[in-house]
Amino acid sequence: MKSRWFARWFVPLGPLAMVLGIVSMGCNESAPQPQEAVTRVAEPGDVIDEDLMVALAQAKNFHHKAKVYMSDGNLADATASVRQILSLRFPAGAPEADDVRLDARALLAKLLVSQGQVEEAMRTVQEGLAQTTRESFFVANLYTVQGEIHEARAAQLDGAGQKTQAIDERRAAIAAYDRSIKINEKLQKQLMERR
Amino acid sequence: MATDDDILTSPVPEPDAEPTAAERAHAKTFADLVDKTLSGRTPAAMSADDRALLEVATVIRVTSGGLPLSPGKQRSIVEDVLASALGGAARGPSGSLPGVTPITAARGRARRVAPWAIAGISTLVAAAAVALLWLRAPTPATPVAHPPSAPTAWLSRPADPMIGPISRERAGDASARLDYIFADRLDGYRARRLTGSAGTAGKPRGGKR
Chain A
3 MKSRWFARWF VPLGPLAMVL GIVSMGCNES APQPQEAVTR VAEPGDVIDE DLMVALAQAK
63 NFHHKAKVYM SDGNLADATA SVRQILSLRF PAGAPEADDV RLDARALLAK LLVSQGQVEE
123 AMRTVQEGLA QTTRESFFVA NLYTVQGEIH EARAAQLDGA GQKTQAIDER RAAIAAYDRS
183 IKINEKLQKQ LMERR
Chain B
27 MATDDDILTS PVPEPDAEPT AAERAHAKTF ADLVDKTLSG RTPAAMSADD RALLEVATVI
87 RVTSGGLPLS PGKQRSIVED VLASALGGAA RGPSGSLPGV TPITAARGRA RRVAPWAIAG
147 ISTLVAAAAV ALLWLRAPTP ATPVAHPPSA PTAWLSRPAD PMIGPISRER AGDASARLDY
207 IFADRLDGYR ARRLTGSAGT AGKPRGGKR
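For the protein sequence lines, the chains are A and B, in the order given. Per the numbering used here, numbering through the first sequence is continuous, rising by one, with the last residue being 197. Per the numbering used here, numbering through the second sequence is continuous, rising by one, with the last residue being 235.
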């Protein structure tokens, strides 16, 4: 009895379900698309605005402050000042933000190396390289600093009598310099082609 | 023994007067008659007085409500109304009008036909919808109006071309490079702000300004 009732009503209603499906598809197709996404990646067409200028000015001031500390031999405060550049808020997607931060990491790593904090310096460089979204002269510069840190490590290992590890560090330094040179060459070639 | 005529013609007793045996017997007989009538077993023969009383009792019961008509009676009444509406044609042998389909028969047929009628209509609509989707020509994309391109100097962009390769000796000279970048971007920002078309060219970041 139940199966007869099911067959009588549900089998013929199959086409009705199909109609509803097609109509809903049509409605989805004709639904108005949002004019603009709520979030979006910054485009090259974005103009320079106040937010970018403020962020750049703040970074500039932290650099100048660090220079004053460095001239006084206060490397710890100089390091802290440069570190503050990394936490500045730039407009989302601004290419200048990557460049300024990478350059700040390069200086920060050199300051840490000069204070004997080689591992911290290496960590700073590696974090910066991990966050890169494109190749640039600033990325190449960070590889150069990474090579310098490997050299500093090699010097420490030499002093400790660990010759084998020191050789490995020197090889790593050469690899980092090579990477830097390759990026520079590639970018210079691109610039020349544009001109 | 009192007869029906005696009851109807005798004087009306006092309200508090005790009923006589004859009155009790007559009341019991009439009660039985009413019960049989309500259960559909009306006696074929009865006295004229009993019939009159029975009709009164039936009317009283109907007017007091609670007397549902049997389904057959309901159908019969509706069909009679329909027949009178159609001109009072003669009934057929089944009791229904020749041109009028009995309600029960029509309902049963509708119950059988309804799912398939829905299915047929749905299929037709589905076919029409599929055909519409198939035949609908893709509308050409509306060209998006781009704002006039802004000068490069006004745009946020990588600083690579301006800085160039960084030598190892200058690896830590980030401050001087930033001064250079800042000065360049400030020039572009001022040019954009001081030019009258600042609001039309380029695209302010995040829709601001």
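Hint data in this document are derived by calculation from the structure and do not stem from the laboratory. Please note that the accuracy of each hint is not assured.
Simulated crosslink set (EDC-like; lysine to aspartate or glutamate; CA at most 20 Å straight-line) [claimed, not checked]:
id	chain 1	residue 1	chain 2	residue 2
1	B	K99	B	D75
2	A	K62	A	E52
3	A	K67	B	E81
4	A	K67	B	D205
5	B	K54	B	E44
6	A	K62	B	D210
Pulled from the structure, derived: some chain B residues nowhere near chain A, Cβ distances all over 10 Å [as the list claims (entries may be wrong)]:
id	residue
7	S36
8	L64
9	A83
10	G98
11	V107
12	R203
Predicted model only: the values in this text are computed from it and were never measured. Where is the CB? At the ideal position from N, CA and C, for every residue including glycine.
Quick rundown of the hints versus the structure:
1. B:K99 <-> B:D75: At roughly 27 Å apart (the allowed maximum being 20 Å), B:D75 and B:K99 break the hint.
2. A:K62 <-> A:E52: holds, 15 Å
3. A:K67 <-> B:E81: violated, 117 Å
4. A:K67 <-> B:D205: holds, 13 Å
5. B:K54 <-> B:E44: holds, 16 Å
6. A:K62 <-> B:D210: holds, 13 Å
7. S36: Since the minimum Cβ distance to chain A is about 64 Å, B:S36 lies beyond 10 Å and the statement holds.
8. L64: Correct as stated: the minimum Cβ-Cβ distance to chain A is 36 Å, above 10 Å.
9. A83: At about 44 Å from chain A, B:A83 clears the 10 Å cut-off, so the statement holds.
10. G98: holds, 26 Å
11. V107: holds, 32 Å
12. R203: violated, 6 Å
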